[in-house]
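Quick note, the sequences are listed as chains A, B, C and D, same order.
When you line the first sequence up against the working numbering, it's residues 1 to 391, in that order.
When you line the second sequence up against the working numbering, it's residues 1 to 391, in that order.
When you line the third sequence up against the working numbering, it's residues 1 to 391, in that order.
When you line the fourth sequence up against the working numbering, it's residues 1 to 391, in that order.
In short, the hints are calculated from the structure, not lab data.
None of the values given here were measured: they were computed from a predicted structure.
Misleading hints may appear alongside valid ones.
As the list claims (entries may be wrong) - A few chain D residues that don't get close to chain A, going by computed Cβ distances all over 12 Å:
no., residue
1, D131
2, R219
3, D273
4, D316
5, A373
6, D380
What the hints assert, rightly or not - Rough simulated footprint, nothing fancy, chain C against chain B, three-plus residues with beta-carbon under 8 Å:
no., region
7, 70 to 82
8, 97 to 111
9, 199 to 206
10, 247 to 254
Even for Gly, the Cβ is constructed at its ideal location relative to N, Cα and C.
Protein chains: 4
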Amino acid sequence: MTSDFHARIPDLMMASGPCSAYPRVLSAMGRQMMHHRTEDFVELMLSVDADLSRLFRTRNRVLPVEGESILGLEMAAYNLVEPGDVCINLASGYYGAGYARVLRGYGGEVVDVSVPYDTSVSIDQVRGALDRHPEAKVLAFVHSETPSASENPMGDICRECRDRGVLTIVDSVSGVGGSDVRFDDWGVDVCVTGTQKCLGSTPGMSLVALSDRAWERTRAVAVDAGRYERSYLSFLPWRRWVDEDYVPYTPPISSIYGLKAALDIIMDEGGVDASIARHEAAAKATRAGIRAMGLELWVDEDAHMANSVTAVTVPDGIDDRRLRGIMDDEYGLHISGGLGDEAGRLIRIGHMGYTASRQKVVTALGVLASALAELGRPVDVAAGLEAAAGA
Amino acid sequence: MTSDFHARIPDLMMASGPCSAYPRVLSAMGRQMMHHRTEDFVELMLSVDADLSRLFRTRNRVLPVEGESILGLEMAAYNLVEPGDVCINLASGYYGAGYARVLRGYGGEVVDVSVPYDTSVSIDQVRGALDRHPEAKVLAFVHSETPSASENPMGDICRECRDRGVLTIVDSVSGVGGSDVRFDDWGVDVCVTGTQKCLGSTPGMSLVALSDRAWERTRAVAVDAGRYERSYLSFLPWRRWVDEDYVPYTPPISSIYGLKAALDIIMDEGGVDASIARHEAAAKATRAGIRAMGLELWVDEDAHMANSVTAVTVPDGIDDRRLRGIMDDEYGLHISGGLGDEAGRLIRIGHMGYTASRQKVVTALGVLASALAELGRPVDVAAGLEAAAGA
Amino acid sequence: MTSDFHARIPDLMMASGPCSAYPRVLSAMGRQMMHHRTEDFVELMLSVDADLSRLFRTRNRVLPVEGESILGLEMAAYNLVEPGDVCINLASGYYGAGYARVLRGYGGEVVDVSVPYDTSVSIDQVRGALDRHPEAKVLAFVHSETPSASENPMGDICRECRDRGVLTIVDSVSGVGGSDVRFDDWGVDVCVTGTQKCLGSTPGMSLVALSDRAWERTRAVAVDAGRYERSYLSFLPWRRWVDEDYVPYTPPISSIYGLKAALDIIMDEGGVDASIARHEAAAKATRAGIRAMGLELWVDEDAHMANSVTAVTVPDGIDDRRLRGIMDDEYGLHISGGLGDEAGRLIRIGHMGYTASRQKVVTALGVLASALAELGRPVDVAAGLEAAAGA
Amino acid sequence: MTSDFHARIPDLMMASGPCSAYPRVLSAMGRQMMHHRTEDFVELMLSVDADLSRLFRTRNRVLPVEGESILGLEMAAYNLVEPGDVCINLASGYYGAGYARVLRGYGGEVVDVSVPYDTSVSIDQVRGALDRHPEAKVLAFVHSETPSASENPMGDICRECRDRGVLTIVDSVSGVGGSDVRFDDWGVDVCVTGTQKCLGSTPGMSLVALSDRAWERTRAVAVDAGRYERSYLSFLPWRRWVDEDYVPYTPPISSIYGLKAALDIIMDEGGVDASIARHEAAAKATRAGIRAMGLELWVDEDAHMANSVTAVTVPDGIDDRRLRGIMDDEYGLHISGGLGDEAGRLIRIGHMGYTASRQKVVTALGVLASALAELGRPVDVAAGLEAAAGA
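Please build the complete structure, drawing on both the sequences and the hints.
Have a look at this one:
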């Protein structure tokens, strides 16, 4: 296999993430190297930081960590959780449920608040858990659960925790840029997003916003729990970035180029509000289209559905692998199936970043309908497209 | 205006040509320069030539001329037509009709054979004209008329002319690679195609196949009509390419890179037969979809329709500019309107090169349906997609 | 041979043109297609035009013709010369000498003014010729003769011709952007440049500036000589661009992207004066370096040397092919040899566009010295680099 | 600041890493996304793995970890070191010295073996330390110390440790691909390299080879020291890659594309031996050139010098920032200064990956000489280039 494998790259990828990236991002990824210890590069990093602060709506710096989002999420536990800390973990999907292991990995006493994966956690459930566990130090949850395409009410939960002095760790990997996130106003403590979801760049970075409380807690935990302060997992080396504009590692230069291009796209379209509105519109159109086509959405109600991905129940009698195989092989469109128990029961259509557009929604609905028809299960795509257009 | 105008580039272009190019072609266009007077570059050119010969199905070299296709077509007249030559010119569309001026420009006595622009010329009409004008030296026609999306029966016409000793000049700018062309078998004399149509590369080159008879005629006309033999319009400087592997000009290096990538794509998918089959399938799917949606195709019957573009009659009461405006602005899909008398009466959807795919056809049908619905003219897109899938 | 032939692309090309292009240009070449019949594209073309007017220092439009520079030069003769016109042709090199054939091709009665190819034409020689041929209609010459790396005094010649009412046709293919060109002030009539020389883009276009007199003459010649007005060679179709902002052909979209990036580079570095100063500095540094290394420049004196390329006499006993072979194979640096009678007697180092930089001059001198040393002919590269730095 | 900042990218970067990347790598970085959970992507990963195994000369899988090399190095301590383990740490430079903190961070009892930073550790010193500390579990060292451009005798050290049952952790971030590494033959246990050094790709990944012993030790330490087995720092999640071809994280897709292109370049040039030979030649040429120019190499003797970077003592009276400033601003060549105590005393020239070529060495020597001359400190560049060519 040589590196000229263009034929293997799908023409369009509307998966649960990554999706096809913006052409402008890809063009930026191909730029030659600058050196990271130059004024020009620091200026670029500061410009990225200014845009990221707008994106998270925070006055604080957002750490541009090199490594997959799961790294940023583990960093949150490494720095905020010490043995014996009671941590409320909201589980409304696989990623949320899995985070309990991370919290336990750092000594957290985890209180699980679980709901079925086709719905989201209510603020009342959160209040109940906080009432029952006034000793809780940390509450963690996933904002946008891509495995089930659901979304938790981030603002309500974080404000409640802030008012009670409980630190919040929010996995908004597929949320930031596509759903509303108001880091400072809502008093969020740690919020992690990725570059490859609603930003439309490529995978490879964790973007981590930290409140002042989170920084304080980081220092305390480092001492109390004896956390190695120079670890790649520690936030502390990043103080040099916050305080001295000195990036503590060799940054992933190409990924920074791509990220800057992605942020430029958002700023050019009118800023983060415009980006969120576009994602919301794509989500509503997709849902309306799916329903009008006579298919079922997996998540129980609209208020619980994510802006970046839509989960569709696989109709009875349809093999989801054959369905996705037709979409892939005959139509060059790659979407995702379900994870875990949902394998075979769900298909998931990503509309995030570059693919959060009316055109891509039409393509996805049209191809899905065509593939279903090929499998002997025609749907009313006319109603679907009409509903999508009017959503 | 700076050079970073990505936002102005349409997400998808299915116009009458150029259409969006293959990503692999665009990647090749960005390569650094080689020098054209090196063995490596000549090897590249020979490799392009070998692929082009497969594409036109000829044993002769196909001239890779730098300049728009109209240049290659003018070269045909410059080299083959001398004052007083009777030239039968088949006009089944704007391009065909316009070629009469070129023939006259070089002294040709043009006999026009015109048909309405929503049909194509029949072989009987050709025979009739040839019967009436046994003195004819040249017969010229457009294989695939993109302005009206029609196609003339190239094989029949060329074989008839060959049998009668009449030279043929064929504008197959949007035909080669998408419709069957058998240069040697059919005895074609000059056939011109472009890089930006069914090859899916970018505009900038004319690819010109010449028969041995055409080369002979070129030499004779140069002498008889005193044509300047070193002109950019003359085929004669290209003898150095044919005879000595020496390209007579500085070739457009980036365009050669792009063309080679486009040819690689065709060879990788199985060769020219596979490419034609793909274009034919896209055309059939588009037509079936348009009809099933209750819209009218402009061209009178399927046998007369082009493989690379489909013309749809604008429904009564619809302003085609508003329709295309919605497709552009809201859906990021750029298609073409009609030319000349057909302005406002036609829309044209290109399915050529990169866009000759099932996915792109679904996108085009879906977006067209959505835009029509927005204008209060809903169509049965379900039937359309079903018909497209089954075509 | 597949399209993945990166290994065959020289690491650095400092030939007589094309040279290695700017990375920013190559990045622009890889952009997806826009449609040329859109407002956005016309805006791009107008922006290119505004920059080109700055480059040529003219208020008139500069025609962005698709095809190698030789096409633009032939257009000049096609449109300005009619049978019987006396044309003074200055021949100070192969390109200049060759243009006599073009002028004759269109009926010109050519008066040749020749000088040895290692010098340039003096203004006195021009005056003498004009005195001897007061009937001359046209005077043609090459501004920068890349085959011998010499330069003619364009301003003096054109002003003299303007004052005498003689039309000038100037081949400044490797001049514009690297040497001073003042189209309007000097009263030039036709000036042609290429995209692949001092602009640092890729080959494929002819950029043609026309005076009002040239436009008038074009109209007259079209009538008098019966030139086909719709020919690809005619300037007349371009009136639609000049008068209506309508590009008369499908433009080479990628090449326009690349050209715009090249023009942006010039405007970003401070405009055409800065670009010329950089080329002049690179030329002076190269000459100083070559001389200090004990080698001989081919052209007789500095005032006659080109800014875009330097010709060096091959030292006795050195086989230029072996020399260039070592530079190519061992050092990844491609330069040019001599043409015609100069084959084997010259090597030519291009310093134009991207390669007109102090770094590239150091690289060229250093590699040349190393290759000569390998052939047993050491030179004083220390003196060479010192002289280059101080030039 | 927009994303179009090409002007800020240095024309050539020969720093201590990253250096300018291969154009072929940059082209690959700009490819569109594939999904990582597809057969095609797994095939790509397996192909990368096969090449990496050739590169490290091991039968084991080399983990393609997402994150800077420092992450891979910390992983080694996380997985192999438990509290109380005696770890011999060889410090022949800043990176080596700094690793003691990492070992201590995971409870290691560190025995430092230090040598001045302008030399390397001898095998006798290693034997002595091993003799004095027969209880040692681990020995760690840096193969190629980029801060001082020195190299430790990796083969000797690792074989000695293997024979004594001491695990080795080798930082070969700037070694692998440029210097000989025989992972299996020498019995290395953990060896980490980066993508942005001798491979000539971009920064962003850690490539980690593990012996069977290292895997065993990882399992034991996880249990004994209670290391969190699902941590991003743990090797254990990577068992799914080793055992099941399942990448445990979302891989950095663009970086994988770039890495594959870099590996293709190595395989195309003849494999890892050819790559090492090229780096060795570049290093020898640079050293010979520097010495012949009358400058001093920082490292005490050739056998201790690195193949990927050369440290030059800043001559008396020269301000290294002014020197590098001239190289940057006037010649577009970016090199590195010294770190820590060596700031102002050293300049470092990287010749790794794309810049490990004869042309780039000539450029670096020539530009350095020119900049020194500008500062009033001329050097004998003629002797330098001659020596470089003959090295």
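Quick rundown of the hints versus the structure:
Even its closest Cβ contact with chain A, about 31 Å, leaves D131/D beyond 12 Å, as expected for a residue assigned away from the interface. A cut-off of 12 Å between C-beta atoms confirms that R219/D is not in contact with chain A; the least separation is 17 Å. Non-interface call for D273/D relative to chain A: holds, since the shortest CB-CB distance, roughly 20 Å, exceeds 12 Å. Listed as a non-interface residue, D316/D keeps its Cβ farther than 12 Å from every Cβ of chain A; the least gap is roughly 25 Å.
Chain A leaves A373/D outside its interface by the beta-carbon criterion, the shortest separation being 24 Å against a cut-off of 12 Å. Here D380/D stays apart from chain A, with its beta-carbon at least about 29 Å from theirs, past the 12 Å limit. Requiring three or more residues with a Cβ within less than 8 Å of a Cβ of chain C, the coverage given for the region 70 to 82 of chain B holds, as 3 such residues are present. Restraint check on the region 97 to 111 of chain B versus chain C: 4 residues with Cβ-Cβ distances below 8 Å, three needed, restraint holds.
Counting residues of the region 199 to 206 of chain B whose CB lies closer than 8 Å to any CB of chain C gives 3, which reaches the minimum of 3, so the coverage claim holds. Counting residues of the region 247 to 254 of chain B whose beta carbon lies closer than 8 Å to any beta carbon of chain C gives 6, which meets the minimum of three for the stated coverage.
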